[in-house]
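Student: Let's have the full structure, built from the sequences with the hints guiding it.
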Amino acid sequence: MNDEIIVLSEIEAVRTNPSMYIGSVSNDGVHHLLFELVHNAVDEAILGTASKIEVTIGPDFCSVEDNGRGISIEINPKFNISNVQLVLTKLHSGSKFRKTSDQFTTGLHGVGLSCVNALSTELKIEVKNKTGLYCQTYKEGNALEALSQITEAKESKISGTKITFYPDKKIFKEFSSFDFDLIYNSIEELAFLNPTIDFSLNSQIEKISFDSKNGISGILIKALTQTQKLFGEDIKFNFKQNDLSFECIFNWTTENSTLIKSYVNGVSTFLGGTHVNAYRSGLRNGLNTLITEHFKGQWEGDPLQIDEALDGVFVVINCKVLHPNFEGQTKSRLTNFEIVDLIENEVAKQTISFFKQNSKNLMIIFERLQTLRKSRSIAKRVAERIFLQHGTKKINEEVYKKQFGERSKTWHSSAVWITDQELLKAHADHFELSEDAIALDVCCGSGVVGASFKHKVKKVIGLDLTPEMVNLSKTRLDEVHQGNVYNIPFPENAFDLVCTREVLHLLPYPENPVSEIYRVLKPGAQFIVGQILPFSEVDSAWMYRIFKKKQPLIFNMFQEEDFRKLLLGAGFVDLKMTEMNVWENIDVWINSYETTHLHRHEIREIYRNASSEIKEVHPFKILPNGEIHDLWRWCIFSVTKPLS
Amino acid sequence: MDNKFESSQTFENLKKSFEDEAKLYFRYKFFLSVSEYEGLDKTSKILRDFSEGSLDNVNGSLDFLRNFKDPSSMVPIGNSTQNIASILQTEIEQTSEIYPQMAKVAREEGFTDVASWFDTLEKLKRNHVTRLKENQSV
Numbered sequence: 136m137n138d139e140i141i142v143l144s145e146i147e148a149v150r151t152n153p154s155m156y157i158g159s160v161s162n163d164g165v166h167h168l169l170f171e172l173v174h175n176a177v178d179e180a181i182l183g184t185a186s187k188i189e190v191t192i193g194p195d196f197c198s199v200e201d202n203g204r205g206i207s208i209e210i211n212p213k214f215n216i217s218n219v220q221l222v223l224t225k226l227h228s229g230s231k232f233r234k235t236s237d238q239f240t241t242g243l244h245g246v247g248l249s250c251v252n253a254l255s256t257e258l259k260i261e262v263k264n265k266t267g268l269y270c271q272t273y274k275e276g277n278a279l280e281a282l283s284q285i286t287e288a289k290e291s292k293i294s295g296t297k298i299t300f301y302p303d304k305k306i307f308k309e310f311s312s313f314d315f316d317l318i319y320n321s322i323e324e325l326a327f328l329n330p331t332i333d334f335s336l337n338s339q340i341e342k343i344s345f346d347s348k349n350g351i352s353g354i355l356i357k358a359l360t361q362t363q364k365l366f367g368e369d370i371k372f373n374f375k376q377n378d379l380s381f382e383c384i385f386n387w388t389t390e391n392s393t394l395i396k397s398y399v400n401g402v403s404t405f406l407g408g409t410h411v412n413a414y415r416s417g418l419r420n421g422l423n424t425l426i427t428e429h430f431k432g433q434w435e436g437d438p439l440q441i442d443e444a445l446d447g448v449f450v451v452i453n454c455k456v457l458h459p460n461f462e463g464q465t466k467s468r469l470t471n472f473e474i475v476d477l478i479e480n481e482v483a484k485q486t487i488s489f490f491k492q493n494s495k496n497l498m499i500i501f502e503r504l505q506t507l508r509k510s511r512s513i514a515k516r517v518a519e520r521i522f523l524q525h526g527t528k529k530i531n532e533e534v535y536k537k538q539f540g541e542r543s544k545t546w547h548s549s550a551v552w553i554t555d556q557e558l559l560k561a562h563a564d565h566f567e568l569s570e571d572a573i574a575l576d577v578c579c580g581s582g583v584v585g586a587s588f589k590h591k592v593k594k595v596i597g598l599d600l601t602p603e604m605v606n607l608s609k610t611r612l613d614e615v616h617q618g619n620v621y622n623i624p625f626p627e628n629a630f631d632l633v634c635t636r637e638v639l640h641l642l643p644y645p646e647n648p649v650s651e652i653y654r655v656l657k658p659g660a661q662f663i664v665g666q667i668l669p670f671s672e673v674d675s676a677w678m679y680r681i682f683k684k685k686q687p688l689i690f691n692m693f694q695e696e697d698f699r700k701l702l703l704g705a706g707f708v709d710l711k712m713t714e715m716n717v718w719e720n721i722d723v724w725i726n727s728y729e730t731t732h733l734h735r736h737e738i739r740e741i742y743r744n745a746s747s748e749i750k751e752v753h754p755f756k757i758l759p760n761g762e763i764h765d766l767w768r769w770c771i772f773s774v775t776k777p778l779s
Numbered sequence: 002m003d004n005k006f007e008s009s010q011t012f013e014n015l016k017k018s019f020e021d022e023a024k025l026y027f028r029y030k031f032f033l034s035v036s037e038y039e040g041l042d043k044t045s046k047i048l049r050d051f052s053e054g055s056l057d058n059v060n061g062s063l064d065f066l067r068n069f070k071d072p073s074s075m076v077p078i079g080n081s082t083q084n085i086a087s088i089l090q091t092e093i094e095q096t097s098e099i100y101p102q103m104a105k106v107a108r109e110e111g112f113t114d115v116a117s118w119f120d121t122l123e124k125l126k127r128n129h130v131t132r133l134k135e136n137q138s139v
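The listed protein sequences correspond, in order, to chains A and B. Oh and the first sequence: position 120 is 255 in our numbering, straight run, nothing missing. Oh and the second sequence: position 73 is 74 in our numbering, straight run, nothing missing.
No lab work stands behind these hints, which were simulated from the structure alone. Check each hint, because a few of them may be wrong.
Calculated lysine-lysine pairs in the DSBU-like style (CA-CA distance at most 30 Å, straight line) [claimed, not checked]:
#, chain 1, residue 1, chain 2, residue 2
1, B, K30, A, K684
2, B, K46, A, K756
3, B, K46, A, K484
4, B, K30, A, K700
5, B, K17, A, K750
6, B, K24, A, K685
7, A, K750, B, K5
8, A, K560, A, K536
9, A, K375, B, K43
10, A, K685, B, K43
11, A, K700, B, K134
12, A, K371, A, K484
13, A, K756, A, K685
14, B, K134, A, K684
15, A, K371, B, K43
16, B, K46, A, K375
17, A, K683, B, K24
18, B, K43, A, K455
19, B, K46, A, K683
20, A, K683, B, K105
21, B, K24, A, K684
22, A, K684, B, K43
23, B, K16, B, K46
24, A, K683, B, K30
25, B, K46, A, K685
Over the 10 Å line for every Cβ pair with chain A, so calculated as not near, a few chain B residues [what the hints assert, rightly or not]:
#, residue
26, N14
27, L41
28, M103
29, V139
Between beta-carbon pairs, the in silico distance windows are [claimed, not checked]:
#, chain 1, residue 1, chain 2, residue 2, range
30, B, E98, A, N320, 49 to 55 Å
31, A, E147, B, T82, 34 to 40 Å
32, A, T184, B, R49, 36 to 42 Å
33, B, T82, A, N622, 56 to 62 Å
34, A, S510, B, S9, 55 to 61 Å
35, B, K30, A, N622, 41 to 47 Å
36, A, S154, B, R49, 24 to 30 Å
Every residue, glycine too, gets a C-beta built ideally from N, C-alpha and C.
Tutor: What follows is the structure in C-alpha cells.
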C-alpha cells in the first residue's frame, strides 16, 4: 500500500499542477511569474530598502533587478541550505510571512519565487551585498550548483537582487514571447503608484525610464485621453488615519460610463471591494447633502442613487491598508470592513467641502445630475414600451428610432465589429453576380455593409427606419430611404442583392422581414446576411443572457440550425455559410445607451462566473485590469431566390 | 421509511422545503449581484452568508428524501447510475415536452423573446441528454 503513495517535492508539485499555484498555464501564467518578481521588488522598495527596479525582456527570458538589500546568502540552520536556495525551492518561505513589518506591502508573494523557479527551464539569481556578488543557476527548479561567490565587493554600498528566468515551454505551451505592451502598461501603472521608485524597462529595441512624478494623477490623465472632462482641474481627496492611507483623484466626463481604477498597497483591485464601495457611497452621500442644502425644491423624486452620482466619473483610488484581506488568490477584491465608515465619511466630507469652495462647479454638477435623472426616466419609459410591444405582431417603430437615433451619435466606436474590414470583406466575398447588379442594404445603419459591395455592383440603395442613420449612411451609399423592413417600400423583383448584418435577432417574428426580402429580390438574386451565433447549444443560454441585458430589443437568440431554417423556410435555396471569429471589447460594447448600468455590472458578472462548460466551447478573456474580450462567432450566409 | 412516509404530509412538506430553499438560494444569489452593484457591502455579506446557508438547507431536506425518492423525478436516489438515470429523465422531459410547449405558448401569446429563451433552453437540454447518454454507455 505504501508503494502507491507518491510524495512530490515542492518543486515537483508545482510542475505537476502549475495552474493550482499560478492560475493558468496560458500566456497570462507566464506574465504572472514576471509580475511576482516585480511585486517582490516593489515590496522591497516600499520597505525603504530599494529605490530602483529594472525589468529586461529578452526573446525568451526576462529579468528583474532591484537595488535592495539582496536576498540573504546565509545558511539557514534549519534546512542547511542558503536562504537564497530556500526561497527559490520552498513554498511560502519569503521573509514577509513573518509579518514583522508595519509597512504597507502587499505581502504573501512567497509562493511566487519558488513557483517562478519551478516553472522555468533555467533561472539565474545574482545577489549583491557588502561582501560581493553571488550567483546560482537552477534548471527546472533544481540547483545546478551551490551558491558561489563570483567577485568580491568593490563598494560596500552596492547591493541588490537580479533574477533572470526562462519560462518552461513544456509547461507554457502557448508561450512564444513576452507581451511588451502588457508589461509596459503594468510597470507604468506601478510607477505612478510608487513615484519614489525609479522603474525602467529594457527590451531588445529600447530602454524606457518612467516619469512618474505625477503619482496617481498620471493614471487618470492616461484614462482621460479619449474623453472630455467636466472640470478643468481634477478633484483630489486624501487622508491618513491609523492603519489606513487613502487617496483618490477623479473628474466627471462626458461619458455615460464609470471608470474606477483601484489599488490596495500597489496591487490592482479590479473587482473593487470595500474601499471602492465606501468611496461610491461617500460621494453619493456628499452630493445628496449638497442637493438638500442648496437645491431644495429643484430636485425631484428619490434622493440621488449611487450609479447616478458615479455616472461619467473616472476615478483612481489608491489605498494603503496595513493588514489587507482579499477575496480569492488574485487579490482583485478588498474585503476589509473596518475601513468602510472611515472612507465613506471622509469622502462625503471632502466632497461637500470641495463643492462649497467651488460654487460654479456645484452648479455644473447639479445641472448634470438633473439632466441625467431626466434622461434615465425617458430611457425607462422607452424600455417599458419594449415590453408593451409584446402581444402584438407590429413592431413599435418609435422604440427602434429612439434607440438607434441615440446610438447613431457614436455608432462606429460602439463596437469593434461594426467597422472590422475583414468582416465586411467576408460579406462582400459571398457576392457571385454581375457588376450591373442593384443592391439593397436593409437596416443599413451607417451603410458600411452596403458600401463593402460598392466596387462589385452598379448601385447600392440603403433602407433604415431611423432618420439619423439614414443621414449617416447617405455619405456611403448611392441613395438611402427611410422605411420599415416588415414592409419594404419597393416592388417585388426589384433587386439583385439584399444584404444585412446583425439585424434579424432584433426583430420579433423574423420570418416576416425575411419574406419581405425574398419578395423584393429578383429570381436568381442573392441574399447575404451576417449574424453572431453561439458556438454551440452549450453557450447559447449564456450568450442569450448577455445579449438580452446589453440590448433589450433582442427577440431571437438564433442558433445555426434556426438560422438555416429561417432562410430555407422563406424559400431560399443554395445556402452557403462562412465563419469568422472576431474579438470584441465587451467594455466598449456595453458602454451604450440601451444598456443600464446595473446590466453592465451583471454582464461582467456573467463573464466572471462562466461555468467550465461554457469556457470549453466559448473563448473569452478577462485581462489583468478586468477588461473583458469575447470571441464572437460570425456566420455569414448566402442564399439565392430560386429561378422558378 | 416506507409507503406510509410517501403518503404523509411530512413527505410533501420536505419536498416543499427542498423546493423553497432551492429557490431561495438562487434569489439570494440574484439579489446579491444587485447589492454588490449598489455597493452595499453589509447587505451583500448578509445575502452571501444566507445563500451559502440555503445550500445546507436544501441538502438537509434531500438528506431525508434521499432514502426514498428524488423529489423532482420521483425515482429513488441511489448510486450514480441511478442518479444519472433520474436526471436524464428530467432533462428528456424538458427537451421533448416542457420547453417546446412553453415556447409554443409564449409565441402564441406574442412573447417572442421569451419563446426564443425557451427554445435556447430546449437545445441546451438536448445537449445535456446526449452527454448523459454517452456517460451511461461508458
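Student: Now tell me, hint by hint, if it's right for this structure.
Tutor: Now the hints, each set against the structure:
1. B:K30 with A:K684: Holds: B:K30 and A:K684 sit about 17 Å apart, inside 30 Å.
2. B:K46 with A:K756: holds (28 Å)
3. B:K46 with A:K484: holds (26 Å)
4. B:K30 with A:K700: violated (37 Å)
5. B:K17 with A:K750: violated (34 Å)
6. B:K24 with A:K685: Within the cut-off at roughly 26 Å; holds.
7. A:K750 with B:K5: violated (47 Å)
8. A:K560 with A:K536: holds (28 Å)
9. A:K375 with B:K43: holds (24 Å)
10. A:K685 with B:K43: Roughly 28 Å separates the two Cα atoms, so the pair holds.
11. A:K700 with B:K134: This hinted pair holds, its Cα atoms lying about 27 Å apart.
12. A:K371 with A:K484: Satisfied, since the Cα-Cα distance of roughly 13 Å is no more than 30 Å.
13. A:K756 with A:K685: holds (18 Å)
14. B:K134 with A:K684: Since the Cα atoms of B:K134 and A:K684 sit roughly 34 Å apart, the hinted pair is violated (cutoff 30 Å).
15. A:K371 with B:K43: holds (27 Å)
16. B:K46 with A:K375: holds (27 Å)
17. A:K683 with B:K24: Holds. A:K683 to B:K24 sits at ~23 Å (cutoff 30 Å).
18. B:K43 with A:K455: Holds, at roughly 22 Å.
19. B:K46 with A:K683: holds (28 Å)
20. A:K683 with B:K105: Given pair A:K683, B:K105 holds - Cα atoms ~20 Å apart, limit 30 Å.
21. B:K24 with A:K684: Holds, because 22 Å separates the two Cα atoms, which is no more than 30 Å.
22. A:K684 with B:K43: holds (26 Å)
23. B:K16 with B:K46: holds (28 Å)
24. A:K683 with B:K30: Given that 30 Å is the threshold and the Cα spacing comes to 19 Å, the pair holds.
25. B:K46 with A:K685: holds (27 Å)
26. N14: holds (32 Å)
27. L41: With a cut-off of 10 Å, B:L41 comes too close to chain A, as the shortest Cβ separation is near 7 Å.
28. M103: holds (14 Å)
29. V139: holds (18 Å)
30. B:E98 with A:N320: 49 to 55 Å: holds (53 Å)
31. A:E147 with B:T82: 34 to 40 Å: holds (37 Å)
32. A:T184 with B:R49: 36 to 42 Å: holds (40 Å)
33. B:T82 with A:N622: 56 to 62 Å: For A:N622 against B:T82, whose Cβ atoms are near 57 Å apart, the range 56 to 62 Å holds.
34. A:S510 with B:S9: 55 to 61 Å: holds (58 Å)
35. B:K30 with A:N622: 41 to 47 Å: holds (44 Å)
36. A:S154 with B:R49: 24 to 30 Å: About 26 Å separates the Cβ atoms of A:S154 and B:R49, which means 24 to 30 Å holds.
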